[in-house]
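Going down the list, the protein sequences come from chains A and B.
Numbering-wise (my numbering), the first sequence opens with residue 1 and increments by one.
Numbering-wise (my numbering), the second sequence opens with residue 139 and increments by one.
Everything labelled a hint here was simulated from the structure, so no lab data went into it.
Quick reminder that beta carbons are idealized off the backbone N, C-alpha and C, glycines included.
Watch out, some of these pointers could steer you wrong.
[Said to hold, decoys possible] So the derived label-pair ranges between C-beta atoms look like this: (1) A/G82 / B/F188: 21 to 27 Å; (2) B/R175 / A/N40: 33 to 39 Å; (3) A/G82 / B/A239: 39 to 45 Å; (4) A/E47 / B/K203: 28 to 34 Å; (5) B/G206 / A/R15: 38 to 44 Å.
[Stated by the list, open to error] Pairs of lysine to any residue, SDA-like flavour, derived with a Cα cap of 20 Å: (6) B/K245 / A/L45; (7) B/K245 / A/E13; (8) B/K252 / A/P71; (9) B/K252 / A/I33; (10) B/K203 / B/T215; (11) B/K203 / B/H187; (12) B/K245 / A/L37; (13) B/K245 / A/E94; (14) B/K252 / A/T34; (15) B/K203 / B/R168; (16) B/K245 / A/L105; (17) B/K245 / A/I33; (18) B/K252 / A/P25; (19) B/K203 / A/T84; (20) B/K252 / B/L233; (21) B/K245 / B/Q256; (22) B/K252 / A/T19; (23) B/K245 / A/T19; (24) B/K252 / B/E234; (25) B/K203 / B/A185; (26) B/K252 / A/H110; (27) B/K245 / A/P70; (28) B/K252 / A/R20; (29) B/K252 / A/E94; (30) B/K252 / A/G103; (31) B/K203 / B/G182; (32) B/K245 / A/R20; (33) B/K252 / A/L32.
[Unchecked claim] Chain B is faced by these chain A residues, among others (derived, beta-carbon under 10 Å): (34) I16; (35) E22; (36) L32; (37) Y65; (38) L86.
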Amino acid sequence: MDDRSSLAPLCFETRIDATREEIFPYLIESSLITQWLFGNSAELLPEPGGAFVVNTDEMQVRGEYLVVEPPHRVSFTWGIVGNTELPAGSTTVEITLTAEGEGTLVQLLHRDVPSNRREDHAAGWVACLDRLSHAAGR
Amino acid sequence: MTASAMRSSADNVSSNTDAVLRALADPQRRQMLRLVRNDEVPAGEIAAHFEITQQAVSQHLRVLKRAGLVSERREGTRRLYALRPEALEPVRAVLEEFWPAALDRLKLIVEANKENDQRG
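Chain B on its own, in the form it takes in the complex:
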């Protein structure tokens, strides 16, 4: 993949996941994602990790939920949140295409340069 192709893949990712990128642009929201990465966690427990108001935490969680980055489940009066990691998948997909193409280029260039050197 060329730089422009990589750029264009990145554009595709962005256009599909604008909300994801915006949601991830905030360090506190990224920290919240880490907290809910492995398990469902109640909103109150998430809020306990931050010095901002419960209301501000709820606002952040709404942004994450709208972006599809977390799921929300009600249990009695509690709201439980968990990471939806599939929302992060496009980045991995870009790299899975990128590296094999880069290694192919490395092979072509090294072998071609070697041939040129040998011809003198």
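Same shape as in the complex, but just chain A:
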């Protein structure tokens, strides 16, 4: 078993004044994802098993899409080519879009990131799960 699976994920969220349908293309289109993530080019094949590659001059983030469910959920593996601590495909990012009034709650989980602070992050993870289940149960 990979011990990383027991690590608490990083968890972030933001609210955007736009619909899920307006936001979703920014998660799957090459020309849009580089606007907010980073990089000067991207090769995206938004289907399970499809490539998730973002390039800068100095490095390449590489993984593959695991889940593509417009307009509410995307997940992909994530790592840096040649980086031994964070190898390509070694971690998983999941982005969930939840309609909230006229806007959208955007939640991002980054799983399997190496850490020594399991206990610290466990508390954050519980709070994050609470918010996710609350959002899903609306």
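Knowing the structure of chain A, use the given hints to seat chain B on it.
Showing chain B alone in chain A's frame:
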């Protein structure tokens, strides 16, 4: 964080942890780290997982110890090794700064583009 800022954070991480990165560049050493991740493990038991000589295993363990990735404790004639995961923390720190900044940019760009579209 921009790509260059992310790059520069990565540089800071690297400059502080050159020895860590070099130690991690070897797949056998990474495998050793996995073996000692949860518990102290005697050198002999670690060596049993590999087909290389005990001497080569000891050499790898010395590299990991010098990088601060494992602790070493003597118990009688045995040497026990355990992971020091704090040596991996800088990578997590980079991501903890990276994602909130990226989400802020996503918000700004989506909302700005929406406004432009509405103006026609």
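Right, here's what the structure says about each hint:
no.: 1; hint: A/G82 / B/F188: 21 to 27 Å; in the structure: holds, 24 Å
no.: 2; hint: B/R175 / A/N40: 33 to 39 Å; in the structure: holds, 37 Å
no.: 3; hint: A/G82 / B/A239: 39 to 45 Å; in the structure: violated, 23 Å
no.: 4; hint: A/E47 / B/K203: 28 to 34 Å; in the structure: violated, 45 Å
no.: 5; hint: B/G206 / A/R15: 38 to 44 Å; in the structure: holds, 41 Å
no.: 6; hint: B/K245 / A/L45; in the structure: violated, 23 Å
no.: 7; hint: B/K245 / A/E13; in the structure: holds, 11 Å
no.: 8; hint: B/K252 / A/P71; in the structure: holds, 17 Å
no.: 9; hint: B/K252 / A/I33; in the structure: holds, 16 Å
no.: 10; hint: B/K203 / B/T215; in the structure: holds, 18 Å
no.: 11; hint: B/K203 / B/H187; in the structure: holds, 19 Å
no.: 12; hint: B/K245 / A/L37; in the structure: holds, 11 Å
no.: 13; hint: B/K245 / A/E94; in the structure: holds, 17 Å
no.: 14; hint: B/K252 / A/T34; in the structure: holds, 17 Å
no.: 15; hint: B/K203 / B/R168; in the structure: holds, 13 Å
no.: 16; hint: B/K245 / A/L105; in the structure: holds, 11 Å
no.: 17; hint: B/K245 / A/I33; in the structure: holds, 12 Å
no.: 18; hint: B/K252 / A/P25; in the structure: holds, 13 Å
no.: 19; hint: B/K203 / A/T84; in the structure: holds, 17 Å
no.: 20; hint: B/K252 / B/L233; in the structure: violated, 28 Å
no.: 21; hint: B/K245 / B/Q256; in the structure: holds, 17 Å
no.: 22; hint: B/K252 / A/T19; in the structure: holds, 10 Å
no.: 23; hint: B/K245 / A/T19; in the structure: holds, 12 Å
no.: 24; hint: B/K252 / B/E234; in the structure: violated, 28 Å
no.: 25; hint: B/K203 / B/A185; in the structure: holds, 16 Å
no.: 26; hint: B/K252 / A/H110; in the structure: violated, 27 Å
no.: 27; hint: B/K245 / A/P70; in the structure: holds, 18 Å
no.: 28; hint: B/K252 / A/R20; in the structure: holds, 12 Å
no.: 29; hint: B/K252 / A/E94; in the structure: violated, 24 Å
no.: 30; hint: B/K252 / A/G103; in the structure: holds, 12 Å
no.: 31; hint: B/K203 / B/G182; in the structure: holds, 16 Å
no.: 32; hint: B/K245 / A/R20; in the structure: holds, 12 Å
no.: 33; hint: B/K252 / A/L32; in the structure: holds, 13 Å
no.: 34; hint: I16; in the structure: holds, 5 Å
no.: 35; hint: E22; in the structure: holds, 6 Å
no.: 36; hint: L32; in the structure: holds, 8 Å
no.: 37; hint: Y65; in the structure: violated, 18 Å
no.: 38; hint: L86; in the structure: holds, 6 Å
In this structure, the earlier hints numbered 3, 4, 6, 20, 24, 26, 29, 37 are contradicted, and the remaining ones agree with it.
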